[in-house]
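**Student:** Each chain is listed here by its residues.
There are 2 protein chains.
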Amino acid sequence: MADRILLAHGSGGKLAHDLVQKMFVDVLGNPILAKLDDAAVFTASGRLAFTTDSYVVTPIFFPGGDIGKLAVCGTVNDLAMSGARPLYLSLSFIIEEGFPQKDLEKIVNSVKEATDEAGATIVTGDTKVVDQGSADGLYINTSGVGLIPEGVDVSGGNARPGDKVLLSGPIGDHGIAVMSKREGFSFSTKLESDCAPLNDMVADMLAASSNIHCLRDPTRGGLATTLNELAKQSEIKIIIEEERLPVRDEVLAACEMLGFDPLYVANEGKLVAVVAAPDAERVLNAIRKTRYGKEAVILGEVVEGDSGRVVMKTHLGATRIVDMLVGDLLPRIC
Amino acid sequence: MADRILLAHGSGGKLAHDLVQKMFVDVLGNPILAKLDDAAVFTASGRLAFTTDSYVVTPIFFPGGDIGKLAVCGTVNDLAMSGARPLYLSLSFIIEEGFPQKDLEKIVNSVKEATDEAGATIVTGDTKVVDQGSADGLYINTSGVGLIPEGVDVSGGNARPGDKVLLSGPIGDHGIAVMSKREGFSFSTKLESDCAPLNDMVADMLAASSNIHCLRDPTRGGLATTLNELAKQSEIKIIIEEERLPVRDEVLAACEMLGFDPLYVANEGKLVAVVAAPDAERVLNAIRKTRYGKEAVILGEVVEGDSGRVVMKTHLGATRIVDMLVGDLLPRIC
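Quick note, the sequences are listed as chains X and F, same order. For the first sequence, my numbering gives the first residue as -8, with consecutive numbering after it. For the second sequence, my numbering gives the first residue as -8, with consecutive numbering after it.
Simulated from the structure, these hints should not be mistaken for laboratory data. Mixed in with the good hints, there may be bad ones.
Pairs count within a copy or across copies, as identical chains cannot be separated in the list.
Claimed, not checked - Once the Cα atoms are required to be at most 30 angstroms apart in a straight line, the calculated DSSO-like pairs of lysine-lysine come out as:
| # | residue 1 | residue 2 |
| --- | --- | --- |
| 1 | Lys304 | Lys93 |
| 2 | Lys228 | Lys26 |
| 3 | Lys223 | Lys93 |
| 4 | Lys26 | Lys223 |
| 5 | Lys5 | Lys172 |
| 6 | Lys93 | Lys280 |
| 7 | Lys103 | Lys13 |
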């Protein structure tokens, strides 16, 4: 049992301390975390962004990532979508008794790799262990604090008629990659989750234009749900064009087989930006120059009237209403 | 099923949005949360404290509180123990499919009540739903951001020989109250969890003395583990006196029956303070004037030598080594 997580690892006692030191502090090591006080302390000044997400994805390891990478990228991206530079993250585990220590180690190493890429630091954490049957392996919560540079004002409520709607790349990769692993089917080509930190992309976009009105990453509920959120928050209408919508062939094929609509499938490394029309091309080019934005497109635009509605011009020239996700298309996708 | 949480409530789609609005925004309502952007935005300047904890207590409702109250108090107290004034909290749920909406509502109301008392605000949140059997009812993560006033320097590493060790009241109430409910035994008198926000107590202590060196709340692992942490971090020895140790009769009785040592039983509304000797009485009086500190005591002192060790002078005049908790005395106590 020495290679498994025990209830005592969550007791706050000796085993818990050893685990924290060996598994977390030694791997994620930095002077703030190493202090092991009840709270991390740092100095900051300005407009701060603060966000939280719990991650319950199944399976824990999937093509293109694992729950550790996802937990960092998801929270880093939520900070980036408010225009913030991610600085400090918390890392909290709920672990089912009996979970292999080796898997935990892999996950912590993924956390380390993703935070390094994002330029963020894990400064505080927590570990709880629950009895067998009271969780499904391991759940992670990350919260994050970031700094919003002076002059940046990005919010879901800022879209205005005339703005262009940009999308940073093909949709549905994460949802289909996780689903394929869960259901045990495979593709002739390799499909991986797009899970990635987008803070560098956002920094380059903000450097290219001071007229970026909204940023959002289309995770749970997919692109359709995100566009609906923006349309509702900004009280505008969004029109997108189907022929501009990037979707990989493997994703399309899997969606057809499973009866999914890629518009509703989760992404973990894509963003939607609403940008003032005169700056749209410049921002598009900035996105395309980044590591995760080579397939970015201008997908549509913001118009007046029909407040809160999203419509898509189809290949055939018809107009289809794109509603928010209803039901549970893909449970535990993040 | 309309009164139960469904998988779709965690999908990010329509049901999720309705739940967030009705259950969270309407109850916890404040302008920052109501924006519903990916991250909350606020302005801050100075030394900030940042902390996280996941809560997996069973049962979810226990004498003196519930998981919602606990999740707020625990994180507020972690901030307070770094000397910070709690400002902003995040609230993240992992809910098992089928959980009664009524219970969730009760829990959110407890969250509201506790944050109001602590003067903190829930500014961001997340809800995940997992399939039946993949969680035990409901788990909560709260993270928090607080501001450390100028001149305050509290850390587990700051204890010095000659300092006095203060304890804000009787130990073991939380652990025994939760355990009694879990195991279904009752007391002739009413024993409740001490679960409470301690930030007002800490503010009054800091106003009374600028020589408070360490603050820590003895939660998981109990008083013994907390004192050991302080002794190790500060590389000093701590001596406490058994005859000064406040323990309620019901707690003692339950501990004897169950074979527990109250020194290792969790508290959720108590703090340990290490204070420069000349200020100890003044700080003690400040604690005793607060709502949750009427039974505070000076429990012992910090001495040189035997770095990292905690000892207790017993009623009989003997000296007993008080080690850190080993094993899993009370799993899922917080």
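**Student:** None of the hints should be skipped; say for each whether it holds.
**Tutor:** We went through each hint and held it up to the structure:
1. Lys304 x Lys93: neither (49 angstroms within a copy, 43 angstroms between copies)
2. Lys228 x Lys26: between (50 angstroms within a copy, 19 angstroms between copies)
3. Lys223 x Lys93: between (45 angstroms within a copy, 28 angstroms between copies)
4. Lys26 x Lys223: Classified as between: cross-chain Cα gap 12 angstroms, same-chain 44 angstroms, threshold 30 angstroms.
5. Lys5 x Lys172: So lysine 5 and lysine 172 pass the 30 angstroms test across copies only (27 angstroms; inside, 37 angstroms).
6. Lys93 x Lys280: neither (37 angstroms within a copy, 50 angstroms between copies)
7. Lys103 x Lys13: within (14 angstroms within a copy, 37 angstroms between copies)
Of the hints listed earlier, those the structure fails to meet are numbers 1, 6, in rising order.
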